[in-house]
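Residue numbers (the working numbering), protein chains in the order written: chain F, 1 to 456; chain Z, 1 to 412.
Calculated from the structure, these hints are not laboratory results. Idealized CB from N, CA, C, for every residue including glycine. Incorrect hints may have been included.
Some chain Z residues close to chain F (C-beta under 10 Å, calculated; not the full set) [claimed, not checked]:
| # | residue |
| --- | --- |
| 1 | Leu-53 |
| 2 | Leu-163 |
| 3 | Ile-393 |
| 4 | Asp-395 |
| 5 | Thr-396 |
Cβ-to-Cβ under 7 Å is the rule here; a few derived chain Z residues that face chain F [as the list claims (entries may be wrong)]:
| # | residue |
| --- | --- |
| 6 | Glu-75 |
| 7 | Asp-164 |
| 8 | Gly-167 |
| 9 | Thr-169 |
| 10 | Lys-316 |
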Amino acid sequence: MTALNRSWGNLTAFGKVILPLLLVVLVVLPVLAVLFLMFVGPWLMDVLNSNLGIVRFVVAIGGVLLFSIPAAFIIIYMELKVIAYMNLRVGPNRVGPGGAAHSLVAGLKVLTKEDFTPSSADVVVFTWAPVLVFLTCVMTFLVIPFGPGLVGQDMNIGVLYLFAVGGMTVVGLLLAGWSSFNKYSLLGGLRSAAQVVSYEIPLTLSVVGLILLAHTMSLNSIAEQQSGWFTNWFVFRQPLGALIFFIAATAEANRTPFDLTEADSEIVAGFATEYSGMRFGFLFFAEYVNVFIVSALITTFFFGAWNAPIDINAIFAMVGIDPITVSLDPGSLGIGLVLLVLSVPVVMTLVFAAPFYLARRSSPAWQSLVLGFLLFNLVAIGGLFMLTYISWDWVAGLVWFMAKAFAFVYVFVWMRGTFPRVRIDHLMGFAWKWLLPAALLNLFITAAAIVVVKSL
Amino acid sequence: MTASPGTGQHPSMDDPRIMLDGQIGQFETVPPYPPRTERESEFYSLRDGEMFLNMGPQHPATHGVLRVVLKINGEQVVDLDPVLGYLHRGVEKLCENSDYHHIISQVDPLEYVSSLFTEWAPVMAFEQLLDVQVPRRAEYIRVLTGELLRISSHILYQGWIALDLGGLTPILYSFIERDEIVEMLAAITGQRMLFNYFRIGGVNGDLNHEFMSRLGDWMSRAAKQHEANIGLLNENEIFVRRMRDIGRLDRTTALRMATSGPNLRSAGVPYDVRRAHPYSVYPELDFDIPVRGTNGGGDSLDRYLLRMDEVRESLKIIDQCLHNMPDGPVMARLPRLLRPRPGRAWAAVEAPRGLYGTYVISDGTDQPFRMKIHDPSFVNMQLVGLLMKGNLIADTMAVMASLDPVMGGIDK
C-alpha cells in the first residue's frame, strides 16, 4: 500500500487527472460496448444488411483512402531508388533500412512545412484545386478489382466511370495553374489541359475494342474473363489496343517522356510552382497514385488482372490431385491438434538446428538453436502463405495483381530514368496523327473480326 | 507597358505604405526606366495575345545567372531579350591592377568549366611582350592538359544538353568522366576546378606519377566509354527530333556574328585557331578539324555532334602528346618581377567554346595598362536572339544548351 501511495505521489498533476480517467475508460468502455452489442447490435446488423451497398461503398472509400497513401510512398521510394541505381548513384540511404522510410519522412516534412499562398492568388481555388486533383485520383480506385471479390463497387459502367473520373483530374490541374497567379503555372496548367484532353480520346478508343470483345464494361467481369492460362489475357487479342493504351496512359499520368506539365527545365514546376506544404503534397501524391492507377488499369484490361499466368487448377486436374482433399481438416484431429501445435515448433527447431550444430561444433549450441528457430519461422511463414494462397483465392489474386501492377510501375520509373522529354507540338501531333487513327483502326479491325466470326 | 519619364519618384523601400500595397514582391518584367533604344521600345510593347515570360536569373536551365525575357504568344517565342550582367565581377579591371603573375589567378574563374584556356591566352600574350621562349616540354604539357580539359568540357556539355531536354541520366555519366579528368589534373595542379597552373614561361609543375597512372587508366577506356555515353543520346528518337532543324545557323550569319569555335565549324566554316593561327606545338600534331553543316548551315544536332567528334580528335592529340613528349625543364628562367617593354600583344587559343583571346597593352610597369578579354561565350550569346525566334519555349532550352554558353565568361 505504501508503494502505491508513493507512486501516486510521484505523479504530476496531469498524471493525477489522466490516470483515473484512463481507468474509467478502460473499465467503462468495454462494458458499454458489450451492452451496445447486446441491445443495439441486432438492430444495427439488420440496418446494415438491408443497406449492404452503401456499407460496402463507405468501407471501400475508407480502404481506398488508407491504401492510396502507402502506395504512393512505395512508388516514390521505388522511383528514387531505381533511378538512383540507373544513374550509378546510391539514392536515399539514411532513414530506415536502405532508406526505406525516406518517403514517409519526406511526407512528414511536407506536412510540417508552411502552407504558403501568394498574395495575388485566387485563394479559394488555390486551396481546393489540389484536393480536387487528389480526390479524383483516389476515386478511380473504387472500381479497380484488386482480387476476386476485392472491388469497391462492381459497377456495370465501370470503364465509363473510370474515364469520367480520370478526366476530371485535368480540371484540378487547370485550376491550380490558373489560380496561382504565375505565368509558369499558367503555362503548365494549359499544357496539361491540352495534353490530357488530347490523349483521353485514344485512351478511351483503345479500350472500346476490348469492350466489344468482353461484352461488358464492368472491370470485375473483364478480369474474370481472363482467367485460366495467360493466353486468355486480352493483350493477345488486342495487342495494338494495349500499346495505344500504354502510351496514352503515360501521357494521362503526366509521366516522362510526356511530363510537359512540370517540365523543370522549361517552366520550373508547371502548375505546382507556387504550391508548398501539404497542398504541394496532395499534387505530388496524386501524381504517384496516378502512376499506380495507370499500372493497375493496364493490368486489369490487358494483362489478366488478378489471374495467375498459369492455370493451377488445370495442372492439378492433369496430375490428378484434388486440392480440396489435400487440405487438412483440423477438427478431425481432436486432442491430437494441441499436441501437434505444441510439438511441431520444438521438433522442427531441433531439425533445422541440427545441420548448423553439426557443421560448427566449436560454436555454442544456443547459436545453432537460435538459427534453427529463425529458419523454422521463415519456413512456417512461407508455408502459411502458401496455405492461404491455395485456400483463399483473394490472397492469390491480390498477390498477382500487385506483382503485375508494380511491374508496370517499374516500367514507368525505368522510362523516367531513360527518356528525354518530348516537345508540345510533337506530343499533340503524335496523339492526333498516329494514336487516334491507330485506335480507330484497332476498333474497326476488332468489330470486323467479331462480325466475321459470328457469321461463320 | 512602358514607364513614362517624370511620373514622380518611385516610393522608397523604407516607406511603410509600400507594405500595404500588396504589390510588393511582384517584379515587373519591363525595366523601370523609359526605353533607351528603338529596339527596347519595340520589344517592351505587347501586341494582342502576347505576354512576357521572365526566365531567370534563377532558372534551372539558363546555365548560370542569365536572365532571358521571352515574349511569347501561347507556346511560341515571338521575341526575346537576354539580360546579362548578373555575374559581372570586373575581372578586366582587376587584371589591370594586378601584376603579371597575379593575373593568372584573376582570370581563372572566368570560364570555370575550362579554366586552363582562360590562363593560356593571357600567358601567351605576356610571353610575346616579354620575348620568352617556353620550353618544349612545357608546351606539350599545356597541350596535354588543355585537351584533357576540352574533353571534360564537351562531355559535360553532353550531360547538360540532355538535362535541359529532360533526360535525367546522362549528366551523371558525364560527371563520372569529368571527375576522372579533374582528379588527374588536381594531381598536378592541386585544384579540381580553377587550376592556376600555367605560368609565364611554362607551367607550375612537372607531370607526376599519380597523374600519369590516372591518365593511363582513363585513356585505356576513355574512347569506349565516350562511344557508350553518346550512344545513350544519339540513338534516341525523342532527342534527335528535338534537336534536328532547331536553331539553324547558316554560314554567312555565323561569320557576320563573329561566331567561333564548334558553333562556327558546325555551320560549315572549317576555322580552328589551332590550324588557322598555329600556336604552341599544334603544328607538330596530327589531328582533324571536324566540320558539319556544310550544306545550308548547322542545326542544334550538328552543334552537338560536332563536339562529340572533337572529343575523339582530342583523344588522338593526347595520345600523340604522350608519345612525343620530350624531357627537359618545364619553366623558363625569368625574374621575379616582370616589367615588359611598352607595347601591345594579342594572343588567341582555341578554347572548347571558340576563340579565346587576350589583348594586352603594357606601359612598362609591372601591371598591364589595359587588358581586354575576348570570350567566345559572349560572342556566341549574340546568336541566341537570332536562333530562338519563332521556336517554341521548349526549343529555347535546346538552342541555348547547344550554343554552350558559360555565364562566368559572358559577364566577366
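Evaluation of the provided hints:
| no. | hint | verdict |
| --- | --- | --- |
| 1 | Leu-53 | holds, 5 Å |
| 2 | Leu-163 | holds, 7 Å |
| 3 | Ile-393 | holds, 6 Å |
| 4 | Asp-395 | holds, 7 Å |
| 5 | Thr-396 | holds, 8 Å |
| 6 | Glu-75 | holds, 5 Å |
| 7 | Asp-164 | holds, 5 Å |
| 8 | Gly-167 | holds, 4 Å |
| 9 | Thr-169 | holds, 5 Å |
| 10 | Lys-316 | violated, 28 Å |
Figure legend: structure checked against the earlier numbered hints; the only hint not met is number 10.
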